[in-house]
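Number of protein chains: 2
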Amino acid sequence: MTQDPVRLAAMANAVRALSMDAVQAANSGHPGMPMGMADVATVLWSDYLKFDPADPAWPDRDRFVLSAGHGSMLIYALLHLSGYAQPTMDDIRNFRQLGSVCAGHPENFLVPGVEATTGPLGQGLAMAVGMAVAERHLNAQFGDDLVDHRTWVIAGDGCLMEGVNHEAIGLAGHLKLGRMIVLWDDNRITIDGSTDLSTSEDVAARYAAAGWHVAACNGHDVAAIRSAIDEAVADHRPSLIACRTVIGKGAPNLQGTSKTHGSPLGAAEIALVRETLGWTAPAFEIPENVAADWRATGTRGGEAHATWHARSQAAGKGAEFAARMRGELPQLADWAGYKAQVAAERPKMATRKASEAALSVLTQAVPALVGGSADLTGSNNTKTPSTTSMSADDYAGRYVNYGIREFGMAAAMNGMALHGGVIPYGGTFLVFSDYSRPAIRLGALQQVRAIHVMTHDSIGLGEDGPTHQPVEHLASLRVIPDLLVMRPADTLETAECWELALQNADRPSLLALTRQNLPAVRFDAAENLCAKGAYLLKPATADRRVQLIATGSEVALALEVQAALEGDGIGADVISMPCAELFMEQPAAYRTGLIGGDGVLRVSIEAGATFGWERFTGLDGLNIGIDRFGASAPAEELFARFGLTAEAIVPQIMAKLG
Amino acid sequence: MTQDPVRLAAMANAVRALSMDAVQAANSGHPGMPMGMADVATVLWSDYLKFDPADPAWPDRDRFVLSAGHGSMLIYALLHLSGYAQPTMDDIRNFRQLGSVCAGHPENFLVPGVEATTGPLGQGLAMAVGMAVAERHLNAQFGDDLVDHRTWVIAGDGCLMEGVNHEAIGLAGHLKLGRMIVLWDDNRITIDGSTDLSTSEDVAARYAAAGWHVAACNGHDVAAIRSAIDEAVADHRPSLIACRTVIGKGAPNLQGTSKTHGSPLGAAEIALVRETLGWTAPAFEIPENVAADWRATGTRGGEAHATWHARSQAAGKGAEFAARMRGELPQLADWAGYKAQVAAERPKMATRKASEAALSVLTQAVPALVGGSADLTGSNNTKTPSTTSMSADDYAGRYVNYGIREFGMAAAMNGMALHGGVIPYGGTFLVFSDYSRPAIRLGALQQVRAIHVMTHDSIGLGEDGPTHQPVEHLASLRVIPDLLVMRPADTLETAECWELALQNADRPSLLALTRQNLPAVRFDAAENLCAKGAYLLKPATADRRVQLIATGSEVALALEVQAALEGDGIGADVISMPCAELFMEQPAAYRTGLIGGDGVLRVSIEAGATFGWERFTGLDGLNIGIDRFGASAPAEELFARFGLTAEAIVPQIMAKLG
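Chains A and B, in that order, are what the protein sequence lines are.
Each residue of the first sequence is one higher than the one before, starting from 1 at the first, in full-length UniProt numbering.
Each residue of the second sequence is one higher than the one before, starting from 1 at the first, in full-length UniProt numbering.
Keep in mind that the hints were calculated from the coordinates and are not lab data.
Any given hint might turn out to be false.
Stated by the list, open to error - Restraint ranges, calculated between C-beta atoms of paired labels, are given here:
hint, chain 1, residue 1, chain 2, residue 2, range
1, B, 266, A, 531, 30 to 36 Å
2, B, 329, A, 531, 51 to 57 Å
3, B, 266, A, 590, 41 to 47 Å
4, A, 88, B, 346, 36 to 42 Å
5, A, 589, B, 27, 46 to 52 Å
6, B, 317, A, 655, 57 to 63 Å
7, B, 57, A, 590, 57 to 63 Å
8, A, 275, B, 637, 57 to 63 Å
9, B, 648, A, 266, 51 to 57 Å
10, A, 636, B, 385, 37 to 43 Å
11, B, 619, A, 330, 32 to 38 Å
12, A, 283, B, 637, 58 to 64 Å
13, A, 275, B, 329, 55 to 61 Å
14, A, 657, B, 585, 53 to 59 Å
To be verified - In silico SDA-like cross-links for lysine to any residue, where the CA-CA straight-line distance does not exceed 20 Å:
hint, chain 1, residue 1, chain 2, residue 2
15, B, 317, B, 365
16, A, 176, B, 365
17, B, 656, A, 588
What the hints assert, rightly or not - Reference excerpt, derived from the structure (chain B facing chain A, CB under 8 Å, subset only):
hint, residue
18, 263
19, 266
20, 268
Glycine included, every Cβ here is placed at the ideal spot set by N, Cα and C.
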């Protein structure tokens with residue numbers, strides 16, 4: 001690699017030129033950050049980052065996360081210049097246009113070299129913590145020869161001000177993730193203007209308080225950047241490097257101001273940048289000597305990859321590791337037996353406990369499963385004999401005590417899943433899905449297998465009252481695209497839902513589980529019926545006039561209602577719908593065959609908001625639910641208070657039938 | 001007040017006894033925190049807190065927030081013992097039972113002395129920041145004689161670990177809210193066990209880094225507690241006092257362990273507590289000498305109240321201040337004129353700009369309005385000529401630069417509204433409502449007037465792509481109980497929605513506003529039609545066969561669709577539905593009169609998830625929307641790509657009509 005400061009400056013200017021020209025062509029975007037961090041990124045890419053453009057999926061590559069995702073042109077420029085197949089120069093030319101992989105914010109599902117989708121501030125860094133956790137964990141399991149890489153982050157002031165930053169760095173400091181290094185674009189500018197407008201924080205002191213090593217450098221001085229990175233690499237703690245930069249560096253009239261943050265510089269200023277930097281190449285053209293220096297950064301990585309390949313082959317365990325990294329599930333030897341046993345024993349059990357029982361089998365069979373809870377282990381029932389605690393002294397542990405950090409947990413889970421080699425699951429109360437929601441969404445967008453275990457899923461939690469009782473949460477989660485929301489009705493359905501969560505490798509799942517005991521409602525384990533999303537649990541015996549559609553704890557209630565109706569000679573089906581999303585993916589014939597029919601009254605029963613249920617019950621149906629905040633009282637009294645009893649429901653059905 | 005340590009210890013033991021006995025009687029609850037913090041709370045209540053049990057609404061009272069809301073028995077005991085009318089001993093006896101005001105977590109709408117609903121961790125402290133902001137702001141506007149009080153918080157490890165804590169203390173430190181004092185229950189225990197399991201943070205150093213003063217004390221030593229509080233009161237910065245306590249203090253076998261956190265102690269241990277503490281009174285009985293000492297704490301406050309009353313009467317401005325504290329709106333002198341002008345001028349304008357125009361009039365007319373943005377001021381259009389920036393040097397400013405702290409902003413807004421005297425509004429992008437969602441929910445539960453200005457409300461924001469494009473957000477917000485979600489269609493509707501947000505004093509509102517320009521669709525300002533939630537904007541001229549129901553930016557699209565249909569001789573109504581919640585509150589006759597009719601095809605059009613629209617369109621209707629993540633491209637191309645054009649919609653309607 002070149003150490004020549006003049007050549008490195010030219011490499012950085014190539015990044016600046018591509019960034020400002022692409023934003024100008026798109027007539028939208030964020031030139032300030034890429035121009036400000038171009039020098040730092042060039043040093044990182046040239047001398048430190050371990051990557052192979054020929055194989056973006058090389059398991060032992062360093063992970064690089066552009067947490068300040070609005071500066072997306074930085075990573076597009078870096079990937080293109082260093083020799084990745086994507087993005088091409090045409091992609092960059094079409095930055096922010098329909099069909100270009102160069103989206104406004106970097107998307108992991110569009111560009112293989114993009115490790116994580118970023119833009120929602122703070123989450124990139126928080127996902128990087130998860131990647132660093134996965135790295136240390138796999139290192140502990142597979143050894144240095146297979147897993148030995150760093151996690152790098154470029155973050156801005158926004159990433160550091162967001163609350164999730166506190167959670168993320170607290171976890172990283174506690175777990176002593178010394179191979180994680182954050183390069184902070186310390187430009188003292190936010191969208192509204194100077195950072196002085198809204199913050200007086202001593203960032204370095206805060207990171208130090210969280211157990212981090214902190215260094216600083218002039219972000220435009222190559223030697224200073226190297227020195228700071230060397231210091232960080234040598235330190236055993238996670239590191240923050242405050243890179244003092246000028247936003248929009250190179251734009252003589254605008255640099256150092258928020259005007260460069262989120263708008264094109266304009267043709268006149270761009271001409272002045274070219275003059276200032278001595279950059280004579282036209283837009284989207286890179287002089288061959290600069291291009292060659294950039295390509296050399298990728299060559300270095302190819303050599304490292306080849307060395308790793310030889311070493312990892314010699315180390316053994318290579319096939320197992322490769323399968324883990326591909327996300328393959330092992331054979332679940334005891335699984336069919338477990339389900340058959342459940343079907344036979346018909347336990348009366350809370351589904352959170354049923355989840356623990358399923359997990360006990362699964363965590364033994366699937367070593368990739370790494371669990372955890374946001375300080376509700378005993379309530380979420382997420383810990384099993386196979387999952388001992390992970391700590392800075394024992395990264396081989398498979399259970400993360402995430403602390404009271406729901407959002408940080410969910411973001412870390414996304415990062416672990418993105419890293420690969422582990423399948424993360426983590427628990428909290430369903431009501432606190434609101435806290436982790438931004439990461440649940442970003443996991444769905446990124447198509448990762450993160451499994452959210454959400455217990456205490458209704459007023460059934462009882463006395464803790466409305467702050468802790470989810471009401472609107474099931475509906476609000478079902479509306480997130482590409483997320484599977486599962487609400488099993490008993491121990492067997494819980495096992496089936498866990499199986500589905502594992503099988504759905506390219507989307508997150510969320511299991512909503514009860515605190516309270518539930519009777520068994522399904523007694524046949526031959527087929528995973530939850531896979532269809534909804535199924536006929538118990539058909540009408542009399543002439544069918546009613547369909548009862550219920551989820552989770554209300555399936556047993558639907559069976560009670562059915563019994564009462566049939567006692568009056570009114571035939572009623574009971575349909576269990578553990579996962580509306582999977583049901584909507586079934587063939588139309590299955591869907592219309594299951595729900596509907598002339599003159600049949602459709603009734604939904606769920607201890608949550610009725611919002612959205614009309615898509616199954618129609619305007620003439622009946623939606624039994626709770627469209628207000630809950631209350632504090634023992635669970636049984638609350639179900640009565642809110643009309644979730646057969647006594648309260650049957651008369652409403654009779655009235656509808658007329 | 002008594003300074004006798006023995007008598008103070010007995011007062012604290014009264015809190016311990018009530019807490020453990022109430023939890024035992026309820027067979028659920030959290031005795032550990034109240035028992036651990038009983039000594040600190042007794043000192044605070046006896047010597048420092050300014051309150052008058054006879055008037056829980058006294059405007060100049062100190063605000064006390066139990067951020068660790070699970071320890072609700074602490075505040076119930078304190079309020080009862082010090083002489084508030086609520087809770088009564090019977091309420092306490094019925095702790096966590098249906099109908100008791102002593103809910104599992106303290107609810108501001110049940111007990112007048114409870115300043116804020118707490119339980120979702122971190123938010124109590126973050127709301128207290130808003131209260132402290134409101135106090136300094138009103139002090140700057142009305143002077144020391146009317147407003148001169150402190151804000152006190154009791155917080156636990158959970159409150160400090162949550163991400164929102166970082167945002168809250170950053171804002172408080174930046175604004176130098178020196179009259180805010182946090183008493184941290186530093187018991188080193190979380191639900192999962194020792195705090196060592198999940199955190200290694202130096203909390204004191206972190207608070208110092210955020211500009212806070214930090215003190216520490218033995219939380220069971222009255223003199224040490226006093227000394228630390230004296231130090232905090234004297235300091236000009238916000239203060240954190242680390243009160244080193246033993247969780248469950250007094251329970252000989254269980255204290256200091258997580259077993260006391262969230263379960264009854266059990267009859268045997270409770271007997272041992274009585275023995276250990278020398279507490280001989282039966283459950284729910286307080287010895288008269290102890291009761292008298294407690295009542296005296298309230299008497300002190302009554303005297304302070306009387307002094308304040310005399311002083312505030314003399315100061316003038318009393319009537320204006322009282323009206324402000326009652327939340328009354330002044331006459332909006334120019335408002336009708338503004339709306340009439342808009343109706344006449346028919347501007348083509350983004351609704352975010354329309355919001356700015358409305359706010360320019362309203363912030364001038366309503367001095368209680370205090371605005372802000374989470375660092376998107378220029379994008380949210382939330383700043384007006386009347387709202388200059390608030391800072392530590394000028395608390396009279398009416399605009400808070402919240403920084404990149406969406407959740408902290410929304411929580412602070414709740415606190416400001418709870419404090420009274422100000423009407424907070426704050427801006428971010430609609431997609432980031434996910435970040436502030438836990439506070440939006442808690443605002444709805446608490447019935448406060450906080451106004452969330454959420455711009456960039458659809459794919460219409462264009463190039464920033466799916467991370468920034470709300471899709472599921474409107475539906476997910478509509479399902480929150482007691483929240484008004486408003487999506488105005490043009491400049492006039494935006495003005496009407498702002499008017500409604502101000503008029504709805506007991507619930508929060510959220511305005512979803514466009515980035516892109518919209519044509520005017522309403523030309524008559526005589527009546528606030530948005531107040532009905534939905535209304536017939538333009539009736540069919542031909543024989544009506546279709547109803548088009550749209551919101552916000554899609555109302556203009558619905559008018560295009562209408563024109564195309566009527567051109568083909570198919571009559572179609574266009575219904576604008578700016579607020580589904582208000583529509584659902586209209587009389588049934590209005591609702592069924594507006595939407596429905598034999599053989600009429602109902603079509604919803606909204607650039608977001610279709611989830612929930614079936615409640616208006618039925619199973620036979622048509623729902624035009626976006627049920628996937630968005631993409632990065634110019635807005636017009638995205639509307640075409642996702643089928644939100646008349647060209648794409650009209651054929652679907654024709655096909656449905658057959």
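If you check each hint against the structure, which ones fail? Checked against the structure, the hints that fail are numbers 1, 3, 4, 8, 9, 10, 11, 12, 14, 16, 18, 19 and 20, while the rest are satisfied.
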